[in-house]
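Chemist: The primary structure of each chain is shown beneath.
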Amino acid sequence: MEKFKETLRKGALAAWVDGLGFAVAFSAVLFALYMVFMVVPNERVMGPVQRIFYFHVGAAVACYCSFGVVLLGGIYYLATRSAIAHLVGRAAGEVGFIFCSITLVSGMIWGHSAWNTWFRWEPRLVTFLLLWVIFLGFNLLNEFGDEERLGVQSAVLGILGAITVPLVVYSIQFLPQSAQLHPQVVGNRGLKDASFEAALAAGTFAMVALQFFLVWLRVRIGLLEKER
Amino acid sequence: MPDGKVALHFEEIAKAFSRQKVLNGVNLSLQGGEIVLLLGANGSGKSTLLRIAADLLRPDSGRRKVLLGERNATAQEVGYLGHNSMLYADLSVYENLAFFSQLSGGLAEALIDAWALQDIRNSLARDLSKGQLARLSLARAFLPAPSIVFLDEPTSALDERGVQILLREIGKVRELGGLVLIATHDIARLAAYAQRVLVLQQGKMACEEALGLGGSSAKALPFYHSINR
Amino acid sequence: MRRLATLLRKDLRIELRNREGLTLILGHALLLSLIASFAVGSAFLNPLSTSRVFPGLVWMIFLFAATLCIGRSYDHELVSSAMDGIRLCGVPAELIYLSKVLGNFCLIFFSHVITLIVLGVLLNVPVGMGFLQLLLVSVPVIFAYAALATLLAAVAATSRLKGMLLPLILLPLVFPILISGIELFQGILESGALPLDAVWIPLLLVADVVYFVAGINLFPILLKD
Numbered sequence: 001m002e003k004f005k006e007t008l009r010k011g012a013l014a015a016w017v018d019g020l021g022f023a024v025a026f027s028a029v030l031f032a033l034y035m036v037f038m039v040v041p042n043e044r045v046m047g048p049v050q051r052i053f054y055f056h057v058g059a060a061v062a063c064y065c066s067f068g069v070v071l072l073g074g075i076y077y078l079a080t081r082s083a084i085a086h087l088v089g090r091a092a093g094e095v096g097f098i099f100c101s102i103t104l105v106s107g108m109i110w111g112h113s114a115w116n117t118w119f120r121w122e123p124r125l126v127t128f129l130l131l132w133v134i135f136l137g138f139n140l141l142n143e144f145g146d147e148e149r150l151g152v153q154s155a156v157l158g159i160l161g162a163i164t165v166p167l168v169v170y171s172i173q174f175l176p177q178s179a180q181l182h183p184q185v186v187g188n189r190g191l192k193d194a195s196f197e198a199a200l201a202a203g204t205f206a207m208v209a210l211q212f213f214l215v216w217l218r219v220r221i222g223l224l225e226k227e228r
Numbered sequence: 001m002p003d004g005k006v007a008l009h010f011e012e013i014a015k016a017f018s019r020q021k022v023l024n025g026v027n028l029s030l031q032g033g034e035i036v037l038l039l040g041a042n043g044s045g046k047s048t049l050l051r052i053a054a055d056l057l058r059p060d061s062g063r064r065k066v067l068l069g070e071r072n073a074t075a076q077e078v079g080y081l082g083h084n085s086m087l088y089a090d091l092s093v094y095e096n097l098a099f100f101s102q103l104s105g106g107l108a109e110a111l112i113d114a115w116a117l118q119d120i121r122n123s124l125a126r127d128l129s130k131g132q133l134a135r136l137s138l139a140r141a142f143l144p145a146p147s148i149v150f151l152d153e154p155t156s157a158l159d160e161r162g163v164q165i166l167l168r169e170i171g172k173v174r175e176l177g178g179l180v181l182i183a184t185h186d187i188a189r190l191a192a193y194a195q196r197v198l199v200l201q202q203g204k205m206a207c208e209e210a211l212g213l214g215g216s217s218a219k220a221l222p223f224y225h226s227i228n229r
Numbered sequence: 001m002r003r004l005a006t007l008l009r010k011d012l013r014i015e016l017r018n019r020e021g022l023t024l025i026l027g028h029a030l031l032l033s034l035i036a037s038f039a040v041g042s043a044f045l046n047p048l049s050t051s052r053v054f055p056g057l058v059w060m061i062f063l064f065a066a067t068l069c070i071g072r073s074y075d076h077e078l079v080s081s082a083m084d085g086i087r088l089c090g091v092p093a094e095l096i097y098l099s100k101v102l103g104n105f106c107l108i109f110f111s112h113v114i115t116l117i118v119l120g121v122l123l124n125v126p127v128g129m130g131f132l133q134l135l136l137v138s139v140p141v142i143f144a145y146a147a148l149a150t151l152l153a154a155v156a157a158t159s160r161l162k163g164m165l166l167p168l169i170l171l172p173l174v175f176p177i178l179i180s181g182i183e184l185f186q187g188i189l190e191s192g193a194l195p196l197d198a199v200w201i202p203l204l205l206v207a208d209v210v211y212f213v214a215g216i217n218l219f220p221i222l223l224k225d
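These protein sequences, in sequence, are chains A, B and C.
The first sequence begins at 1 in the working numbering and counts up one residue at a time.
The second sequence begins at 1 in the working numbering and counts up one residue at a time.
The third sequence begins at 1 in the working numbering and counts up one residue at a time.
Do not rely on the hints blindly, as some may be mistaken.
[Claimed, not checked] Restricting the straight-line Cα-Cα distance to at most 35 Å, the calculated cross-link-like pairs of lysine-lysine (DSBU-like) are: (1) K224(C) to K65(B); (2) K172(B) to K224(C); (3) K204(B) to K224(C); (4) K226(A) to K21(B); (5) K224(C) to K5(B); (6) K226(A) to K224(C); (7) K65(B) to K226(A); (8) K21(B) to K224(C); (9) K226(A) to K204(B); (10) K224(C) to K130(B).
[Said to hold, decoys possible] A few chain C positions that, by computed beta-carbon distances, are all more than 12 Å from chain B: (11) S42; (12) R52; (13) Q133.
If you're looking for bench data, these hints aren't it; they were derived computationally from the structure.
Even for Gly, the Cβ is constructed at its ideal location relative to N, Cα and C.
Modelling step: build the complete structure from the supplied sequences, incorporating the hints.
Modeler: So this is what it looks like as structure tokens:
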């Protein structure tokens, strides 16, 4: 384990992954930007603002990915007490928080154009609002928690949070006042142009790649901090 | 009463607290029938070692074995006193002991007699003086007649009568073949009653010696005094 | 089983003797009920609308008061390390968890009932009609909350932020339970009977099981380190 950490911290392998990760994430984002702003035509109903949709969905997927990493990291940590598992969980919590914020803000911007309000009490937005708060709690614990016990506590909270996510998603659907305002784009075959699908795929891939790259960076920073 | 030989084994025990390595590979083997003193400077890891020994703390690595004959000692066979009183401030002396004895066995009355607590039987723990509290904590530690006892600075708040009772009780444990491990700075009073002394320094066992008559020591005590200069 | 009774009796005795927890939670519940009544009353809502906001208010007050109370439920054990003493008696951590959950449950359930009555009176909501059903649905809600909160209070107990951290990590997770409670109360107040076909009841039962199982498995891990 010590050797592995060393390699991660200083070794050539780490530098390679850094470079590769950066290249993949950077080019993915560039490509997505190109697709979204250059290739895809204006959507009929909403106009240019609709383009935010491609990043919004990607951010949401990245957010769910982060939750998954937090859960896996927590379980792995409790099984092995590996300090890296704790760092990965913590990193995913921070990055996930960012992407959740992006999802919320982009969703609200889109919503403002579509419904003329910044916030509507409807399932997806509320779900992500709750996910945002769960991430917030998790990050606050990691920031202000008791240092000695932090690994175990963070893992416990991460697992509890991840368990709660499906409960949240399931329960929000049945809130009576929530009309199904969220556009069921993909299901309703709303993607008329093939390029739409490509742009969506590009956007999603870019966000997810970016997310994993950021988690990787954060883990590296964490390891370097510990050495200090 | 141990139904087998009492033994304590530590193999390469290590423990770190937020970047600070407190125990750095402690190796230790103790047998029953002895009172052992654990010495070391403040911060040398004595308390941590005792907590790990009492199974209250998980070591980061290494193995801890506390045995009664062939099997592991159960929690009721181990007694422990740490830095905190482990008592409930809002309960009386009797209620505290009754509570713990209901959980682990043993009789509250017997302990009240043994530790001379009759006068303060009904006083709330929050109203006791430091010495009385110390005596009560020790009484709790000796529930319900453990074979292995770990004490962390037991004499620091005790009055003279309390020390007498303590020496009598650890003497009893030893006579029955049990093991008593005491972390202390109070060498003057305890060395005469102990059979062995250990010195912990910078997270490792630096010195170990069986004590001679009346607590005479050829190397361990002088070593300890020298590193405390 | 007997040891569980011993642990519960101990908590009860301490609670009755120093009355801190009881005073804290009841005081807050009543105070918040008063404030809520003023807040709602000043809007001059008609009785139908008051009934509509009542479930939300009751559960919100419950959340605040209960979180405060459970936040300090480990205090008297922590200050003197009595928890270590209990573990040294060979009591399995799961039993400690169970005793804490049950003890907390009783306390906050009691406070919840009082809140229900007081707020119902102040806001003129006819809680008398479906009172038993309201209590019945409160049981799984409060149990899920107690299971979760008891576990997280152990997490927050040793942190620097002390009382501030528990609400921050607990409340985000509590929403599904909260929503269920509110919707069920809504249903009972509207129809006077239990909305048995609603999705909330299975959801609550799932939450109960999930959080209790998680708690009983994770609590020993928290304690050991």
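Chemist: Are the hints correct? Go through all of them and say.
Modeler: Okay, the hints, checked on the actual structure:
no.: 1; hint: K224(C) to K65(B); result: holds, 17 Å
no.: 2; hint: K172(B) to K224(C); result: holds, 31 Å
no.: 3; hint: K204(B) to K224(C); result: holds, 23 Å
no.: 4; hint: K226(A) to K21(B); result: holds, 14 Å
no.: 5; hint: K224(C) to K5(B); result: holds, 27 Å
no.: 6; hint: K226(A) to K224(C); result: holds, 24 Å
no.: 7; hint: K65(B) to K226(A); result: holds, 32 Å
no.: 8; hint: K21(B) to K224(C); result: holds, 19 Å
no.: 9; hint: K226(A) to K204(B); result: holds, 24 Å
no.: 10; hint: K224(C) to K130(B); result: holds, 29 Å
no.: 11; hint: S42; result: holds, 42 Å
no.: 12; hint: R52; result: holds, 44 Å
no.: 13; hint: Q133; result: holds, 38 Å
Against the hints set out earlier in the document, no violation occurs for any number.
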